[in-house]
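Just so you know, the protein sequences line up as chains H and C, in that order.
With the numbering used here, letter number 129 in the first sequence gets 129, and the count goes up by one each step, no holes.
With the numbering used here, letter number 142 in the second sequence gets 142, and the count goes up by one each step, no holes.
Treat the hints as calculated values from the structure; they're not laboratory data.
Any given hint might turn out to be false.
Computed footprint of chain H on chain C; a stretch qualifies when at least three of its residues, placed anywhere within it, have a C-beta under 8 Å from a C-beta of chain H [stated by the list, open to error]:
1. 16 to 26
2. 29 to 35
3. 38 to 45
4. 56 to 64
5. 87 to 93
According to the in silico footprint, chain C covers these stretches of chain H (three or more CB under 8 Å from chain C) [stated by the list, open to error]:
6. 30 to 40
7. 65 to 73
8. 101 to 108
Just so you know, these numbers come straight off a predicted model, no measurement behind them.
The beta-carbon is built from N, C-alpha and C at its ideal position, and this holds for glycine as well.
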Amino acid sequence: MKYENNEAEFAARVCRILDQDVAGIDARVAEKLRHARQRAVARQAELSLATASATGGGHGIFQSLHRHHRGVLATLALLMGAFGMHVWQEHRELETMAEIDMALLSDEVSPGAYLDQGFMAWLDRLSQHEEYLLPE
Amino acid sequence: MLLALAPAAVTATSFIAPAKWADLPADKQKILAPLSSEWANLESWRKKKWLEIADRYPKMTRQEQERFQQRMRTWVRLTPEERKAAREKYRNIQKASSEQREAVKQLWSEYETLPDDEKQRLREAAAKSAPGGASGTGKAGQNR
Chain H
1 MKYENNEAEF AARVCRILDQ DVAGIDARVA EKLRHARQRA VARQAELSLA
51 TASATGGGHG IFQSLHRHHR GVLATLALLM GAFGMHVWQE HRELETMAEI
101 DMALLSDEVS PGAYLDQGFM AWLDRLSQHE EYLLPE
Chain C
1 MLLALAPAAV TATSFIAPAK WADLPADKQK ILAPLSSEWA NLESWRKKKW
51 LEIADRYPKM TRQEQERFQQ RMRTWVRLTP EERKAAREKY RNIQKASSEQ
101 REAVKQLWSE YETLPDDEKQ RLREAAAKSA PGGASGTGKA GQNR
């Protein structure tokens with residue numbers, strides 16, 4: 001088309017045609033159109049207000065609270081996870097220690113043997129000559 | 001919820017060790033009886049460890065239980081360094097073959113039959129040849 005490359009000129013021409021037609025509209029029809037327009041504008045204003053209340057006016061506070069709670073919950077979850085890991089680790093160490101102590105105290109060889117320097121030296125000396133070589 | 005994060009194996013008794021001997025359950029008191037006078041002085045984690053041992057105690061043989069009962073009190077009176085050293089040497093010996101472990105048992109039996117002055121002579125000789133001179137008293141050797 002002729003006006004495709006000149007949008008402003010095309011729009012101005014459309015407006016002129018519409019104005020010419022509006023001038024010829026019946027008064028009753030024009031009044032109905034005016035009321036309809038007013039109702040539409042009023043309804044649009046109500047909708048905007050409701051949306052603002054739900055998300056606009058309270059938006060900042062709700063968003064902030066939501067974000068704040070998420071942060072607190074994440075921190076709590078992290079702390080509880082760390083605490084759980086600590087308890088688990090401590091329990092594993094206790095279990096290992098309990099296992100060794102129980103075996104050591106109930107063994108045929110007294111725990112005192114391992115602390116008796118005379119015995120340990122004697123054992124070392126014998127292990128150099130016999131087949132009692134023990135792991136280092 | 002916090003407990004739910006801990007392993008199921010963490011029992012209530014070992015999770016919080018009673019500070020007072022009187023607060024221990026009767027069955028634990030019976031097993032740990034040699035520690036009654038020491039209990040209040042034990043650190044919390046050591047109490048938990050003994051409670052853990054008490055949980056496993058019924059699985060020991062009668063002979064093991066007797067030996068365990070005889071040695072408990074002496075064991076808690078050792079210094080942390082002595083207990084650590086004993087554990088390390090015990091663990092090393094456990095890495096040896098069953099024949100070697102049997103030989104250690106045999107040698108300990110023989111060592112125990114040596115006259116006291118001979119044992120003392122061996123201890124003194126060992127202390128002299130040890131790096132840094134004398135360390136250890138040999139007192140723990142009486143821990144049976």
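Status of each hint after checking the structure:
Counting residues of the region 16 to 26 of chain C whose CB lies closer than 8 Å to any CB of chain H gives 0, so the stated coverage by that chain is violated, three being the minimum. Check on the region 29 to 35 of chain C: 0 of its residues sit with their Cβ under 8 Å from a Cβ of chain H, so the three-residue criterion for coverage is violated. Requiring three or more residues with a Cβ within less than 8 Å of a Cβ of chain H, the coverage given for the region 38 to 45 of chain C is violated, as only 1 such residues are present. Restraint check on the region 56 to 64 of chain C versus chain H: 4 residues with Cβ-Cβ distances below 8 Å, three needed, restraint holds.
Taking a C-beta to C-beta cut-off of 8 Å, the region 87 to 93 of chain C contributes 6 residues in contact with chain H, enough for the three needed, and the coverage statement holds. A count of 0 residues in the region 30 to 40 of chain H with a Cβ less than 8 Å from any Cβ of chain C is obtained; the coverage claim is therefore unmet, three being the minimum. Beta-carbon proximity to chain C at under 8 Å applies to 0 residues in the region 65 to 73 of chain H; the threshold of 3 is not reached and the given coverage is violated. With 8 residues having a Cβ less than 8 Å from any Cβ of chain C, the region 101 to 108 of chain H passes the three-residue criterion, so the hint holds.
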